[in-house]
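Peer 1: Residue-level listing of the chains:
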Amino acid sequence: NAGVTQTPKFRILKIGQSMTLQCTQDMNHNYMYWYRQDPGMGLKLIYYSVGAGITDKGEVPNGYNVSRSTTEDFPLRLELAAPSQTSVYFCASGVGTDTQYFGPGTRLTVL
Amino acid sequence: QKEVEQNSGPLSVPEGAIASLNCTYSDRGSQSFFWYRQYSGKSPELIMSIYSNGDKEDGRFTAQLNKASQYVSLLIRDSQPSDSATYLCAVMVTGGGNKLTFGTGTQLKVEL
Numbered sequence: 004n005a006g007v008t009q010t011p012k013f014r015i016l017k018i019g020q021s022m023t024l025q026c027t028q029d030m031n032h033n034y035m036y037w038y039r040q041d042p043g044m045g046l047k048l049i050y051y052s053v054g055a056g057i058t059d060k061g062e063v064p065n066g067y068n069v070s071r072s073t074t075e076d077f078p079l080r081l082e083l084a085a086p087s088q089t090s091v092y093f094c095a096s097g098v099g100t101d102t103q104y105f106g107p108g109t110r111l112t113v114l
Numbered sequence: 153q154k155e156v157e158q159n160s161g162p163l164s165v166p167e168g169a170i171a172s173l174n175c176t177y178s179d180r181g182s183q184s185f186f187w188y189r190q191y192s193g194k195s196p197e198l199i200m201s202i203y204s205n206g207d208k209e210d211g212r213f214t215a216q217l218n219k220a221s222q223y224v225s226l227l228i229r230d231s232q233p234s235d236s237a238t239y240l241c242a243v244m245v246t247g248g249g250n251k252l253t254f255g256t257g258t259q260l261k262v263e264l
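Residue numbers (our numbering), protein chains in the order written: chain Z, 4 to 114; chain B, 153 to 264.
Just so you know, these hints were derived from the structure itself, not from any lab. Worth double-checking, as some hints may not be accurate.
In silico DSS-like cross-links for lysine-lysine, where the CA-CA straight-line distance does not exceed 27 Å [as the list claims (entries may be wrong)]:
no.: 1; chain 1: Z; residue 1: K12; chain 2: B; residue 2: K251
no.: 2; chain 1: B; residue 1: K251; chain 2: B; residue 2: K219
no.: 3; chain 1: B; residue 1: K251; chain 2: Z; residue 2: K60
no.: 4; chain 1: B; residue 1: K219; chain 2: Z; residue 2: K47
no.: 5; chain 1: B; residue 1: K219; chain 2: Z; residue 2: K12
no.: 6; chain 1: Z; residue 1: K12; chain 2: Z; residue 2: K60
no.: 7; chain 1: Z; residue 1: K12; chain 2: Z; residue 2: K47
no.: 8; chain 1: B; residue 1: K261; chain 2: Z; residue 2: K47
no.: 9; chain 1: B; residue 1: K194; chain 2: B; residue 2: K208
Only chain Z is shown next, with the shape it has when bound in the complex (with noise of 0.2 Å):
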């Protein structure tokens, strides 16, 4: 059970460059989110899923996109990248009100 992947684990963009953030669970888990953390703060939501072909907009959306074709599989599209977009983005998956699981994380610096 490997619970939730992230890959990959470091990039570096250029501006105006676009990349995929890929994200799979293993639990079955309905709930799938996408978080960025900038140092010193606190998680921001960016999207969220609650199952398969539903996604929803959170805190901080744009410049990014999401999909969830399936339960497992929860991909963060950035477009056009620019450097507030230097961050760490943590996928996360969940069951209802419990707890959230936690990916390792990607490390994105657009220079």
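Got chain Z sorted already, so can you dock chain B onto it with the hints?
Peer 2: Okay, now just chain B, sitting in the frame of chain Z:
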């Protein structure tokens, strides 16, 4: 704006002492409360969850919730150097995706 407030610290305690971490929240509709521990460069991991007023104990950790005062705390007894980390308070309003709102975290340093 739903907010979760924590003192950023650092909070320094000697080894073996009790560490007390505090958190206040603004949304009275909040129903689930969590404490996560985050080591530097790592992802958050759940320490405690609490859903009703009062105390909940798990080993050296005790979570306390007072919904009337909109206050949740975490006590760590017999603090160890391995407890040195950032502790994130998170609050959930049930429904609408069960989203968590996080505080900015309190850095705890346990000194030998």
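Peer 1: Compare the structure with each hint and give your call.
Peer 2: Evaluated hints:
no., hint, result
1, Z:K12 to B:K251, "holds, 25 Å"
2, B:K251 to B:K219, "holds, 19 Å"
3, B:K251 to Z:K60, "holds, 11 Å"
4, B:K219 to Z:K47, "holds, 24 Å"
5, B:K219 to Z:K12, "violated, 39 Å"
6, Z:K12 to Z:K60, "holds, 24 Å"
7, Z:K12 to Z:K47, "holds, 19 Å"
8, B:K261 to Z:K47, "holds, 25 Å"
9, B:K194 to B:K208, "holds, 26 Å"
Checked against the numbered hints given earlier, this structure breaks only hint 5.
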